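*Asks:* Here's the letter readout for the chains.
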Amino acid sequence: MTGRHLCHISDLTVADMDRTLDAAEHMVPIAQGQSTTDAAHGKILATLFFEPSTRTRLSFESAMHRLGGNVISVADSSSSSSQKGETLADTVRMVASYSDAIVIRHPREGAARLASRVSRVPIINGGDGAGQHPSQTLTDLFTIRKAKGNIKDNVVTIAGDLKYGRTVHSLALALAAYGTQMIFVAPESLQVPAETRASLLAHGARARYANKLEEVIAETDVLYMTRIQKERFPDLDEYRKVQGVFHVTNRLLADGKKGIIVMHPLPRVGEIDQSVDDTPAAKYFEQAANGVPVRMALLAETLGVRGVA
Amino acid sequence: MTGRHLCHISDLTVADMDRTLDAAEHMVPIAQGQSTTDAAHGKILATLFFEPSTRTRLSFESAMHRLGGNVISVADSSSSSSQKGETLADTVRMVASYSDAIVIRHPREGAARLASRVSRVPIINGGDGAGQHPSQTLTDLFTIRKAKGNIKDNVVTIAGDLKYGRTVHSLALALAAYGTQMIFVAPESLQVPAETRASLLAHGARARYANKLEEVIAETDVLYMTRIQKERFPDLDEYRKVQGVFHVTNRLLADGKKGIIVMHPLPRVGEIDQSVDDTPAAKYFEQAANGVPVRMALLAETLGVRGVA
Amino acid sequence: MTGRHLCHISDLTVADMDRTLDAAEHMVPIAQGQSTTDAAHGKILATLFFEPSTRTRLSFESAMHRLGGNVISVADSSSSSSQKGETLADTVRMVASYSDAIVIRHPREGAARLASRVSRVPIINGGDGAGQHPSQTLTDLFTIRKAKGNIKDNVVTIAGDLKYGRTVHSLALALAAYGTQMIFVAPESLQVPAETRASLLAHGARARYANKLEEVIAETDVLYMTRIQKERFPDLDEYRKVQGVFHVTNRLLADGKKGIIVMHPLPRVGEIDQSVDDTPAAKYFEQAANGVPVRMALLAETLGVRGVA
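Residue numbers (my numbering), protein chains in the order written: chain X, 513 to 821; chain S, 513 to 821; chain Y, 513 to 821.
These aren't lab readings, by the way, just hints derived from the structure by calculation.
Being a predicted model, the structure only gives us computed values, none of them experimental.
Where hints are given, some of them may not hold.
As the list claims (entries may be wrong) - The list that follows gives simulated cross-link-like pairs (lysine to any residue, SDA-like), each with its CA atoms no further than 25 Å apart:
hint: 1; chain 1: Y; residue 1: Lys660; chain 2: Y; residue 2: Val754
hint: 2; chain 1: X; residue 1: Lys596; chain 2: Y; residue 2: Lys769
hint: 3; chain 1: Y; residue 1: Lys596; chain 2: S; residue 2: Gly622
hint: 4; chain 1: X; residue 1: Lys596; chain 2: Y; residue 2: Ser522
hint: 5; chain 1: Y; residue 1: Lys596; chain 2: S; residue 2: Glu621
hint: 6; chain 1: Y; residue 1: Lys769; chain 2: Y; residue 2: Ala722
hint: 7; chain 1: Y; residue 1: Lys596; chain 2: S; residue 2: Gln755
hint: 8; chain 1: S; residue 1: Lys596; chain 2: X; residue 2: Gln741
hint: 9; chain 1: X; residue 1: Lys742; chain 2: S; residue 2: Glu563
hint: 10; chain 1: S; residue 1: Lys658; chain 2: S; residue 2: Glu731
hint: 11; chain 1: X; residue 1: Lys664; chain 2: X; residue 2: Lys742
hint: 12; chain 1: S; residue 1: Lys753; chain 2: Y; residue 2: Val754
hint: 13; chain 1: S; residue 1: Lys753; chain 2: S; residue 2: Lys658
hint: 14; chain 1: X; residue 1: Lys596; chain 2: Y; residue 2: Pro699
hint: 15; chain 1: X; residue 1: Lys596; chain 2: Y; residue 2: Gly643
hint: 16; chain 1: X; residue 1: Lys658; chain 2: S; residue 2: Val630
hint: 17; chain 1: Y; residue 1: Lys753; chain 2: X; residue 2: Lys664
hint: 18; chain 1: Y; residue 1: Lys596; chain 2: S; residue 2: Lys769
hint: 19; chain 1: X; residue 1: Lys658; chain 2: X; residue 2: Val630
hint: 20; chain 1: Y; residue 1: Lys664; chain 2: Y; residue 2: Ala601
hint: 21; chain 1: Y; residue 1: Lys724; chain 2: Y; residue 2: Gln703
hint: 22; chain 1: X; residue 1: Lys596; chain 2: Y; residue 2: Ser701
hint: 23; chain 1: X; residue 1: Lys658; chain 2: X; residue 2: Lys742
hint: 24; chain 1: S; residue 1: Lys769; chain 2: S; residue 2: Val757
hint: 25; chain 1: Y; residue 1: Lys596; chain 2: S; residue 2: Ala794
hint: 26; chain 1: Y; residue 1: Lys658; chain 2: X; residue 2: Val630
hint: 27; chain 1: X; residue 1: Lys753; chain 2: S; residue 2: Gln755
hint: 28; chain 1: Y; residue 1: Lys724; chain 2: Y; residue 2: Pro705
hint: 29; chain 1: X; residue 1: Lys596; chain 2: Y; residue 2: Lys658
hint: 30; chain 1: S; residue 1: Lys742; chain 2: Y; residue 2: Pro705
hint: 31; chain 1: X; residue 1: Lys596; chain 2: Y; residue 2: Ser711
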């Protein structure tokens, strides 16, 4: 993967993903500050964010520092050249000449792919509109594997905003590649779009669709909740109709399979009751923390950094 | 203090404060760039600012870099997950999993304490509303000790906004612990709140209250001015009444005790005439610079970093 | 130049500029990540930006990291103390006490000079209103020298906004110092101001003035385009009159001298057709990339860093 762009989860084979997750295991002690490395000494990661984010940006920056490298950052498009009317392509060409790799987040689907066509350094998609978010997907896979031993032999129920949520589109394709069984739960207006369903079918995904968590909780190994993203709705009335439709409680989880785990890419705004936080089922904070070793592994591979762990 | 939170100045004993000030003395040459260290190599400080600041954020970041460590930063809440409705607790949990210590500034009093309850890494309060600002207080104590030889044997006159000013609340408690005599000077509407007065009394503080600098300048060793903070006033009319009520000049200082010094946490907006800047009494720029060695000492202790200086 | 401020291009002699460009040559492999250095280990650069910028800030930050140093940054005045009414002088004094050098960008002409009067560390002007931008000029000179072998023996045609464009004022004075022939092309309302013309005359500049690129393209070795900067116009109607008056195409360049090159400080907004990008004449992306080695050389000299390359 050295020198390669990562715009879409399907840029990676199952072998690529497995290798990255294996490498991430070795990164954990460094990610937690128990040991240090200078492997990426002198390297520069640019984080280029045209949309507010904290989690993705900070976890990539933390990962780069833990590897011994440096970071330059445009955290916010309001201080960017795009304000002066610059095209995305020109901005990316510039940032590429100041860095060794770029993580880009952009409100427009396909922005990362466009960036990859003009950049002399590898582009990592940090989320493009309702499109893809592959480093989040790798983090999700790592979390499932760590908690469940493997990725394939689970029923993963994905609930919430399945229409606008980019996390879901990346994750579903990856799980399809692993042959994992999926159940998609959402009110009709937020269900997986026809195009994505067709794509899942084409990839041989074992997928089912439902409207209520109660219908499927009994057969669920991994309950993956997502936020209803207010900022993606063209119409606030539509948002209000579906807001708060899911609220995971310990009572609901009691009906789940033995050893059920709950995940969420965060931030959450009411999808999971806080009383769940202290139970062994809650894996969402661990999932957030896993973002660092996974992104360390991804950066190390992308930058061609050797001898880390 | 290693691994401990610092939310409130009363989290520290006089012995803790003395030890930190002693350590800060040893940090001065590194803070000024005359020598370097790698003591905090591989460590990450997160600066999490929900309110604009330059001084506190940059001095902590400079301190961390001088120690050989790295920084990740949310400089501005507008690019933060809280925009998406995330709770402070969830944001802190996330940032804690990306770093080894967090400096937090927040407009709400008690925010740092709340953060400390959910964070797996030490929290340092970088100012919480009208509450506390303990690293500023340590910087103030360091400046007094350096200029006057010790902290106790001084009359410290604190003037300006004593109602909303968090700097004052932290400093007064620390000076009380040292047994230093204090005079609080403010118009009635901005005097020390009853609650804080009671707390000072309970701590055995030697405190007096006055309305005009002229009444007390003759017995003052340290004149500590503060800014009337427009942004804390619920009512702009109230602000206009008190704005500009204090303006320290060389003429005023001529009536002060021999060797009187003037301090200010900065930024100032008219409380001190610029003609004072070039006199030996002016210690506010030195006070600002002292923020780096003091915060280096604080970070080194908090992170458990050894062998710095 | 060690410890010296760089506020204005005329702070540098031709010998200073030549030495910096020579040093920049040696920085290229490090700037491109092919080798690394720790020469600026422990040093801190502060980037203090009161106006949005990406290119200047990121290229300085990249340069400092490539030298092995650290960066603290105020990327955006909205999170700055100036919001609380602090003077520029007080803000600069503060930042100077946290760093070893400051790059400042400010909307007001003369701001860098003012900063240099109160700063204990070297100030580098990163653009002050319609004033100067000397590190950009050094980058421009480096690009011309690399493409053409030397700076003097060229006809440099500078077109676009010659009234408000700070890049132009810096560059014209430097080219005058080298004895390079210049042609200034702009509509009358955006031509070089009388004051600057007089200054060029006083410096013995070989300068001519024209209104259309077509008139002078045949004798041009270096075509230096600039953006019509919307944000500098007091009146939007005036902006609309001149917007889009220049648009460089391959057809225009075909009439130019053999080996003609096109430069632009970027961002561009239509001054150069994208079909030019893939021709050997296009040097603007290389020019942007040159910003890193040139700023590395400038920082190394300013900070007194030795033994880099």
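*Asks:* What are the numbers of the hints the structure violates, in ascending order?
*Replies:* 1, 2, 4, 11, 12, 13, 17, 18, 19, 20, 23, 27, 29, 30, 31
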